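Chains as they are written, first to last, in the working numbering: chain B, 1 to 246; chain A, 1 to 248.
All the pointers check out, no bait thrown in.
With a straight-line cut-off of 25 Å between C-alpha atoms, the simulated DMTMM-like cross-links for lysine to aspartate or glutamate are:
#1 K168(A) with D177(B)
#2 K168(A) with D237(B)
#3 K168(A) with E179(B)
Stretch by stretch, here's where chain B covers chain A in the computed footprint (C-beta under 8 Å, at least three residues):
#4 37-49
#5 52-65
#6 74-85
#7 177-183
Hints in this document: simulated from the structure, not taken from any laboratory. Bear in mind that the values here come from a model prediction, so they are computed numbers and not experimental data. The beta-carbon is built from N, C-alpha and C at its ideal position, and this holds for glycine as well.
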Amino acid sequence: MNPGHPDSSVALGRRMFLGVGAAVAAELLLGACDSKGPKSAERFLRYMERKNEGVERALFRHTAMDAGSPGHRLTGSALPSYFISEKVPVWNESARGVWRLEVAGMVARPLLLTLPELARIPHITDRVNHYCVEGWTAIEAWTGCRLRDIARIAGVSPEARFVDFQSFDSGYHESWDIESALHPQTVIAYGLDGRWLGAAHGAPARLYSPVKLGYKNVKYLTRIVFLPAANGGYWSDRGYEWYAGV
Amino acid sequence: MRDIGNFYVAMTRHPPRHHWVVRVTHWVNAVAIVLMVGSGFRIFNAYPAFARRGETFCCWPWEGQGIPAWLTFGGWLAGARNWHFAMMWVLLLNGCVYLAFVYLHGEWRDLVPRRGDARDAWEMIRFYTFRRADHPRQGKHNALQKLTYFLLPLIALTLILSGLSIWKPVQLAPLTALFGGYVWARYWHFMTTLLLVALSASHVFMVFAVDPYSLRSMTTGGYNEDLSPESRNARPFTNILPRRRPAP
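Construct the complete structure from the given sequences, taking the supplied hints into account.
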């Protein structure tokens, strides 16, 4: 560099600037390791989640069906079981009376179904994948009645846009968009792999659908409420994506 | 004094080695890829294996072994997912701007493989392994660089398609089936990421070991042909400084 050149100080300034800039960038990258990222990015992430929900809704079709890969055994007992409570939630009949599934909200005929009543509604058995948010999958055969059939029996108002699924597992619940809830593979399941649903997987009845990630499929169901607006959810309120479509 | 002045003018008046669109998209790309790979590794760590539950997986020897936390970004699974699904659009948009520019502006001519590139790449390897004394003749990039830069859009396409396959295995089931199902789509998404990481790491290594002057050309755009690796006959860590020019 020519020290006599009138621009040399400017050039030096620019080099300094670039050097400091590179140092700051390196520091930011190092600081980013294993971090959640800057707090100020929270708004950007929320905005992108809303935009992604639009994309996911646009991609959603009732004709898109899942099928557990042929040539593979059912996952059976290797299916992990998750619940929020400290112990496996079991419906205590002597304290709470007979278990009933309540269908409420924007419906013409609110329902209160015992398990035998639920089982009398036409049912399907569907061999499908389970898509967990963690990245693993499993293949299970679920037996239950389609939610769209229950919705028809209850006479759901056309104004209902969301459905909240509530459980007796320490207040666990998740709300869904009604399109996913009425998908033909969305069932209120009481059978798993040809047996009655066990306590570890949500007995007496649970929500199951391959069109949503596992955490949206509420176990230990007690209430299904048709709503005009979304009602969040246990994991959605803790930062997980609310729509979570597959 | 006059010579130095002319040299300075030659350096500054020279058209930039990389157009500003290329420079901006390059650095946006760098940040976005770091965040995508970091958050992807954090997502992978929630289940650092490929096997379906109750099965085994043939083709990954480190089933169950997570990525070191310092290589991850997002802090926890939901955080990493939110970053991953946000930055993917930034990366996609940035990639489209870059490809559209390179196509419309003619820069693609420096990047598409041509007859003889395979031989030139072999000559570059011979040069780097000291089996050839002089740096092979090259255009804007050497044959190994060209190959890498040409490969990157193909890697990006594989990442996008395999990523869509594991994001929407039900709604986009035919696409997922193309990769051999969800388990394999997830595997190819991960393996392609490892390839991208390997190429990016070599890229950064070569910048510092062979052509640190390219840092300037990728920020301000300035470059001096006398400092090119070909002019310096530069191998990793050799001939970093410019060659002495013979007196006229």
